[in-house]
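Quick note: the sequence shown uses the UniProt record's numbering, first residue 1, plus one each step.
Since the hints were made in silico from the structure, they are not lab data. Given the structure is predicted, the values throughout are model-derived calculations rather than measurements. Some clues are possibly wrong.
[Unchecked claim] If you anchor each label on the Cβ, the simulated ranges turn out as follows:
#: 1; residue 1: Ala-23; residue 2: Ala-94; range: 16 to 26 Å
#: 2; residue 1: Gly-69; residue 2: Arg-276; range: 15 to 25 Å
#: 3; residue 1: Arg-274; residue 2: Glu-75; range: 30 to 40 Å
[As the list claims (entries may be wrong)] Calculated cross-link-like contacts (lysine to any residue; reagent style SDA-like; alpha-carbon spacing at most 25 Å):
#: 4; residue 1: Lys-191; residue 2: Glu-212
#: 5; residue 1: Lys-191; residue 2: Asp-237
#: 6; residue 1: Lys-161; residue 2: Gly-258
#: 7; residue 1: Lys-191; residue 2: Gly-258
#: 8; residue 1: Lys-191; residue 2: Gly-225
#: 9; residue 1: Lys-161; residue 2: Pro-42
#: 10; residue 1: Lys-161; residue 2: Glu-268
#: 11; residue 1: Lys-161; residue 2: Gly-233
#: 12; residue 1: Lys-161; residue 2: Glu-212
#: 13; residue 1: Lys-161; residue 2: Pro-231
#: 14; residue 1: Lys-161; residue 2: Glu-249
#: 15; residue 1: Lys-161; residue 2: Ala-242
#: 16; residue 1: Lys-191; residue 2: Met-169
#: 17; residue 1: Lys-191; residue 2: Arg-171
#: 18; residue 1: Lys-161; residue 2: Trp-142
#: 19; residue 1: Lys-191; residue 2: Ser-153
#: 20; residue 1: Lys-191; residue 2: Glu-75
#: 21; residue 1: Lys-191; residue 2: Ala-259
#: 22; residue 1: Lys-191; residue 2: Leu-210
#: 23; residue 1: Lys-161; residue 2: Asp-255
#: 24; residue 1: Lys-191; residue 2: Leu-266
#: 25; residue 1: Lys-161; residue 2: Arg-265
#: 26; residue 1: Lys-191; residue 2: Asp-154
#: 27; residue 1: Lys-161; residue 2: Ala-12
#: 28; residue 1: Lys-191; residue 2: Asp-275
#: 29; residue 1: Lys-161; residue 2: Val-73
#: 30; residue 1: Lys-161; residue 2: Ala-259
#: 31; residue 1: Lys-161; residue 2: Glu-75
#: 32; residue 1: Lys-191; residue 2: Val-204
#: 33; residue 1: Lys-161; residue 2: Ser-43
#: 34; residue 1: Lys-161; residue 2: Arg-269
#: 35; residue 1: Lys-161; residue 2: Gly-260
#: 36; residue 1: Lys-191; residue 2: Ala-264
#: 37; residue 1: Lys-191; residue 2: Glu-211
#: 38; residue 1: Lys-191; residue 2: Glu-234
#: 39; residue 1: Lys-161; residue 2: Lys-191
#: 40; residue 1: Lys-191; residue 2: Val-267
Even for Gly, the Cβ is constructed at its ideal location relative to N, Cα and C.
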Amino acid sequence: MPKVSSVIVPYATYLRVYEPLAAFPEPERGHWARYARRPDRPSYQDELRRSLADLLPTPPVPVPVQESGDAFVLEIDGVLCVCPWRTRLRGWQALGELADELPRPVLDAALPEFVRQQAAQDYERWLARNPDARPWIRTSTWQVPLHWFVLVSDEERRFDKGSGEIPPMLRYRTPMVQARRRVARALRTLKDTIDEGPLIDGLVDVGRWLEEFHPRSLVELDYGGLVHTLPAGELEDDHSAADVADGIEALRQGDGAGAGEAYARLVERWRSVRDRRSAN
1 MPKVSSVIVP YATYLRVYEP LAAFPEPERG HWARYARRPD RPSYQDELRR SLADLLPTPP
61 VPVPVQESGD AFVLEIDGVL CVCPWRTRLR GWQALGELAD ELPRPVLDAA LPEFVRQQAA
121 QDYERWLARN PDARPWIRTS TWQVPLHWFV LVSDEERRFD KGSGEIPPML RYRTPMVQAR
181 RRVARALRTL KDTIDEGPLI DGLVDVGRWL EEFHPRSLVE LDYGGLVHTL PAGELEDDHS
241 AADVADGIEA LRQGDGAGAG EAYARLVERW RSVRDRRSAN
């Protein structure tokens with residue numbers, strides 16, 4: 001089992017894909033088979049902690065020099081499933097998005113321009129040799145993107161209050177075939193009832209990403225460190241996936257008022273998270 005740390009690294013949420021071991025070619029398949037037998041596999045907190053440690057040197061190291069050999073591992077109905085970290089690839093991709101997330105003075109202070117340029121050049125060279133590369137993990141800070149909730153259902157929700165050094169946990173897991181089916185149904189409804197917008201764009205993007213993986217994979221939506229920004233009662237009462245499903249079903253039935261009520265519940269629930277983000 002992954003080790004538990006009392007040091008919490010907020011505030012990221014995750015969308016992960018666990019592929020069956022058979023989906024990986026050799027020699028990678030053998031590596032993950034051996035890795036799964038390790039008793040000291042790291043947790044998601046360890047992954048974030050390692051990444052943050054690279055930002056301490058001067059100049060900072062925005063992207064690991066070598067790709068991670070770690071992964072998250074699940075056994076489902078006797079089938080070993082693996083979600084590689086691919087920290088280096090995800091670091092490059094996240095670096096390309098920072099310009100849209102941070103004001104230029106803040107970005108330059110955190111990561112000097114010459115550091116970002118060097119990382120971008122390294123990524124271009126690497127991508128030319130690995131054009132089909134894709135991450136098994138998507139990350140979002142200070143929020144769960146609404147289109148992620150389309151992939152799961154309220155019945156797949158798992159909540160644990162935690163105790164002692166074990167933090168609370170809120171996550172959903174669903175078979176890949178179900179996630180793809182929900183994306184396709186939601187897209188049909190949204191395109192028939194509303195104008196183009198971020199929700200449709202997000203669903204198109206995540207749908208294409210899901211198609212890259214084995215059909216017997218598992219999809220996991222994990223609140224990750226975001227659970228530490230929400231009071232316990234609010235977290236326990238958080239049924240955002242149900243609200244998103246209710247809103248889309250209302251649109252399918254032509255019930256604009258019902259869709260508006262579902263959206264209002266989502267806005268109210270996530271307002272406190274947005275307020276905390278603004279305060280930081």
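Checklist entry - So which of the earlier hints does this model not fit? => result As far as the earlier hints go, 2, 5, 6, 8, 12, 14, 16, 17, 20, 23, 28, 30, 35, 38, 39 are violated by this structure, in ascending order.
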